[in-house]
Amino acid sequence: MKKLVKAVAVTMICALLTALTFTLSGCWDARELDTLAMVTGVGIDAIEGSDELLFSFQIGKVQQAAGGSSTQAEEKKPFAVMQVEEQGLMYAIKRLRNKTSRQLLLHHNQVLIISREVAERGVLAFLDAFVRERQMRTEIWVIVADGRADELLSEEMDQEKISGLGISIMLDDLIKISEVYDVQLQRFISNVISETSEPIAPVIKLIKRENSTEFSVDSFVIFKEGKAVGEFGIPLSRGVSWIKDYLKVFTVELPSEEGFATVEMSNFHNKMKADFTPEGAPLIKLNLKCDFEILEIQGFKGWNKEEISFHLEQVASKMIVDETNAIVDYCQSLDSDIFGFGTEYHKRHQKKWKTMKENWSEHFANLTMEVDAKASFIDEGKISDVLENTREKEREKK
Amino acid sequence: MNIETAKISPKYFVFSVICFIHSSSLLVSFFNTLVEQDSWMIVVFGTLCTIPLLLLYSWLANRFQGKNLMEMTTEIFGTAIGKMFSALYLWFFITLTALNLLDLTTFVQKSMMTTTPSIVIALVFLFVCSLSVRGGLFSITKYGPFVAILASSILIIATILSINLVEPDNLLPLFDFPHMKYMQATHIAASIPFGELIAFLMISGNVKIEPKKFKKIFIWGLLLGCLNLLILILRDTMVLGNTAKLFSIASFEVLRLINISDALSRMEVLSAVVLIMQLFFKVSFLYYISALGAAQLFNLSSFKPLIYGIGLVVIVYTYGLYDSSLKHVKMAMSVTPFFWMLFEFVIPIIMLVTALARKKQVKLPLQEDYNI
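Top line first, the protein sequences correspond to chains H and P.
For any residue, its number in my numbering is found by taking its place in the first sequence, counting from 1, and adding 53.
For any residue, its number in my numbering is found by taking its place in the second sequence, counting from 1, and adding 62.
You may find that some hints are simply not true.
To be verified - Some, not all, of what chain P presents toward chain H, calculated at C-beta under 7 Å:
#1 T178
#2 I181
#3 L185
#4 L234
#5 P235
#6 G303
#7 N304
#8 T305
#9 R318
#10 S323
Think of the hints as simulated: they come from the structure by calculation, not from any bench.
The C-beta atom is built at its ideal place from N, Cα and C for all residues, glycine as well.
Given only the sequences and the hints, what does the whole structure look like? Please build it.
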């Protein structure tokens with residue numbers, strides 16, 4: 054009898070737990086795909102003559118993105134852009150709830166696009182919500198639009214139709230193969246809250262052609278106290294990468310009067326030392342090393358391959374030094390320490406930092422650089438000589 | 063007399079201590095805002111400060127062999143004063159249960175089930191814990207090795223996967239804050255997660271080990287648990303840098319950042335699962351010793367009739383503790399560490415002095431099934 058009671062009790066508890074699993078889990082937090090609006094990109098634009106901002110939410114439509122079969126579906130864009138004017142993000146989301154039958158899901162957001170005008174006004178205030186809100190992820194890209202943010206979100210890309218996803222995929226690829234480096238929200242915020250460091254963000258330009266639309270990353274914006282104060286192009290962005298050791302692999306044309314060479318640079322090694330000059334001014338010593346292989350070569354008439362490789366090593370090393378000095382000069386003129394030099398002094402010279410931090414701007418302006426760069430030639434591709442010089446060399450032999 | 067007759071092996075005891083310490087990863091936010099990148103040092107300092115406490119607890123366990131904390135107080139102070147101390151400890155254990163239940167409820171509601179009323183989460187969770195408590199000491203501690211090994215494995219795997227995000231420079235500069243902040247943070251760490259190990263004195267009499275060797279397994283448990291916590295804090299600081307202090311659960315953010323070729327990403331769910339399992343163990347254990355303590359206080363022959371009653375008290379208590387997480391953190395950083403010292407240091411010291419003065423001790427004959 055006792056065993057029977059125990060068996061009944063256990064069965065009832067199991068039944069209760071099973072019932073709870075199916076009922077309680079579905080009561081409050083049930084989220085079906087057809088009740089959600091998945092945000093794939095958030096854009097922020099300025100409104101003329103107003104302190105409010107125009108928040109744009111790109112919402113992916115699952116059926117169209119996956120290739121719906123109906124003709125109507127093919128004509129429509131695979132996303133919708135919803136907009137609302139508000140001072141803060143979270144209230145904007147609340148107001149959007151009144152305009153849509155679906156709940157905004159921010160877990161899948163890929164990009165935060167800020168218009169250039171908003172970047173110049175300042176970004177610190179509205180970034181709070183992007184870190185505070187639990188749905189938000191800190192690995193989203195922070196991008197400045199060369200123009201309006203909602204234009205970027207409203208355009209389709211050639212391959213990936215939803216531009217929010219497309220931009221994210223494009224940037225993910227670019228950081229592996231080019232001079233573009235990742236500026237995800239976590240890194241951006243880290244610089245924003247740092248004592249002296251300042252963040253940067255890539256600028257995306259929309260180029261409309263007759264039959265297509267291109268999204269291009271050609272420059273970066275420099276911030277100072279949360280406001281965009283300057284911009285630099287790809288050559289100078291390499292300078293930032295040399296200092297911050299962001300680069301993985303990239304292709305570059307080496308300028309030379311004697312010829313022309315396209316090389317792929319890789320295996321980057323960076324050593325930075327925060328030091329002082331004999332007068333006590335900050336001195337950054339940089340030791341940079343990398344390897345390169347030749348992808349294409351033209352000119353260099355009468356040169357043998359040893360001469361060419363030695364010359365290219367010299368050119369590449371000089372290019373590294375020049376680009377590094379150029380970007381530091383430019384940032385010094387803007388008084389924006391995007392390299393984290395101040396943080397480096399804080400970490401390595403704690404005692405001196407206590408006196409330096411009060412007037413870091415002054416120290417940064419007087420900072421000098423010592424760059425020692427060495428680019429090493431490692432591979433020449435399938436052929437060892439310059440093709441256009443081969444005939445001449447054959448004639449010389451005969 | 064001890065109404066729990068089950069005996070557990072030292073292995074289960076060690077894993078239980080590891081699990082208890084590791085489940086305190088949520089409480090790192092109590093001190094990481096104070097010393098930021100130096101939080102890892104606080105784990106080391108806290109551990110060093112806790113070792114003498116564990117030696118004190120082990121001395122009591124050795125002096126009063128086969129007895130648990132409640133019985134020790136009665137042995138040392140006599141029935142009347144002993145029961146008074148027992149009542150204080152009962153309140154302490156019920157408070158710890160309620161606080162940990164509050165942590166769990168807040169975590170689940172804020173991170174995953176945002177619209178589910180927290181009372182439902184607390185009720186369902188505590189109901190499952192009560193099933194575990196009904197099984198007694200063996201049922202609860204048997205779960206310890208599984209949770210401890212799983213949590214440690216996930217910690218190591220996640221740390222390896224985040225290796226490309228790690229920047230060791232983020233640990234610099236060292237000792238960048240005023241000395242008082244290190245003292246305050248160490249005090250918080252030593253009293254809130256680590257000093258709570260006094261709860262294990264409630265089961266010290268149920269471990270199949272030679273009483274003299276009890277301190278060895280206690281300290282091993284502490285060291286291994288703290289090692290887990292240390293790895294976790296070091297990883298979080300090296301990955302998140304100065305942003306680690308912004309997040310209440312930094313490891314959750316670190317696992318969000320892991321992305322291995324798009325194949326392994328959005329791994330924060332692992333962090334959530336592990337945390338819930340660890341808190342299930344911790345709440346069950348504290349719930350069990352609360353029920354056991356209450357039964358001993360009222361001279362009952364079994365703690366089982368009290369399980370649901372204590373559960374209801376814990377639920378009500380949880381909702382009366384703090385109005386907001388801000389107040390919870392503020393209290394944990396200011397008042398709680400001093401208050402907890404009463405239970406973790408002052409009373410045990412009084413017990414030690416009184417036991418020596420009154421020459422009180424209980425010795426058991428050496429048993430054959432002791433093992434280590």
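Here is how each hint holds up against the structure:
no., hint, result
1, T178, "holds, 4 Å"
2, I181, "violated, 12 Å"
3, L185, "violated, 10 Å"
4, L234, "holds, 4 Å"
5, P235, "holds, 5 Å"
6, G303, "holds, 5 Å"
7, N304, "holds, 6 Å"
8, T305, "holds, 5 Å"
9, R318, "holds, 6 Å"
10, S323, "violated, 10 Å"
Hints 2, 3 and 10, counting from the list given before, are not met by this structure.
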